[in-house]
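Visitor: Take the sequences, apply the hints, and build the full model.
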Amino acid sequence: MVRGDGRGGGRYDVAIVGAGPAGLSAALVLARCCREVFVCDAGTPRSAATEVMHGFLTRDGIEPAEFRRLAREELGRYENVALRDARAVDARRAGEAGFAVDLADGERVRARKLLVATGLVDELPPLEGFGEFYGTSVFHCPYCDGYELRGAPLAVYGRGRRAFEMARALTGWSRDLTLVSDGPAGLAPEARRHLERNRIRVVETRVARLAGRDGRLEAVVLADGRALQVRGLFFDTPTRPQSLLAQRVGCRLTKKGGVRCGQYEATDVPGVFVAGNLTKDVQLSIVAAAEGARAAFGIQRSLLREDFERRATGRRRVEHPPVEHAETQARRPRA
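Each residue of the sequence shown is one higher than the one before, counting from 4 in the working numbering.
Note that these hints are calculated values from the structure, not bench results.
Note that beta-carbon positions come from the ideal geometry of N, C-alpha and C, so glycine has one too.
Among the hints, a few may not be true.
Stated by the list, open to error - The following label-pair restraints were derived from C-beta to C-beta distances:
#1 Ala68 with Arg202: 38 to 46 angstroms
#2 Gly218 with Thr61: 22 to 30 angstroms
#3 Gly218 with Asp310: 51 to 59 angstroms
#4 Leu307 with Glu193: 46 to 54 angstroms
#5 Phe311 with Gly175: 46 to 54 angstroms
#6 Cys37 with Asp63: 27 to 35 angstroms
#7 Ala68 with Arg255: 27 to 35 angstroms
#8 Asp105 with Arg200: 51 to 59 angstroms
Guide: The structure is reproduced here in structure tokens:
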């Protein structure tokens with residue numbers, strides 16, 4: 004294996020950019036594979052405003068910061084893992100040796116494999132009062148936070164197909180729904196009919212502000228003075244990557260704007276893997292952790308094969324899982 008110096012300098016087997024559920028899970032698996040692992044994180048998690056995270060077996064209802072603290076504590080038991088609070092500003096291929104990752108403090112880390120797990124940033128609605136309720140009664144994921152608001156009157160904020168799909172999804176938790184589009188809803192006639200037949204109201208009046216107390220939403224106040232009484236609001240607005248490192252090293256994107264990957268989270272750039280929300284697949288913490296573990300498996304498998312062949316033949320060859328694979332159990336690329 005390649006040895007780092009334990010302080011973030013030198014060369015490593017794997018560099019992981021991003022220390023959320025995906026990156027930390029990958030680091031743990033690779034640590035137990037006796038690999039020298041470097042992990043860096045910018046400290047700007049998507050869940051920063053969230054009170055608690057749900058749906059993670061044995062950790063349902065835990066605060067995101069506490070989850071990350073426990074994960075880092077577990078990784079601290081492994082002397083072959085170096086974890087740095089630092090932002091990666093660039094990544095590129097560094098010859099046959101692998102990749103170079105430049106940090107904001109000027110340090111450069113080299114590694115044979117690169118895992119990008121930097122996650123996404125939500126483009127938040129420009130609503131007065133939004134910040135007061137975001138993470139407590141305003142959310143973007145019903146699978147994460149819908150249960151606590153089951154049966155309650157809820158608002159869906161957005162327009163077009165995305166808002167329609169969010170409203171449809173929320174019928175699993177409440178049948179008292181209002182789609183608030185803050186202007187023309189941009190809905191196809193068929194979509195309007197489907198919403199009407201499911202008794203989902205559509206309000207196209209401009210929104211003045213959100214109102215409530217102690218972080219708990221009570222009403223969506225419209226520009227005409229009306230107040231829609233709700234206990235929660237869900238939105239589905241566009242997202243963007245926290246970092247463009249994957250694109251910098253040449254990774255291609257899917258139609259949804261996620262990083263294209265296939266078997267074992269391998270991208271179409273040899274040696275580069277991606278896990279977590281960057282793929283824009285199922286965006287749950289437990290799924291991100293599973294993708295991180297799966298990526299770690301693919302990385303370890305590639306490293307093992309490279310080392311095995313080098314010892315057998317004296318030649319160096321970069322081993323990389325295919326993005327499309329013929330095996331029955333392999334996943335096809337997300338598109």
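Visitor: Would you list, in rising numerical order, the hints stated earlier that this structure does not obey?
Guide: Of the numbered hints given earlier, the structure breaks none, since each of them holds.
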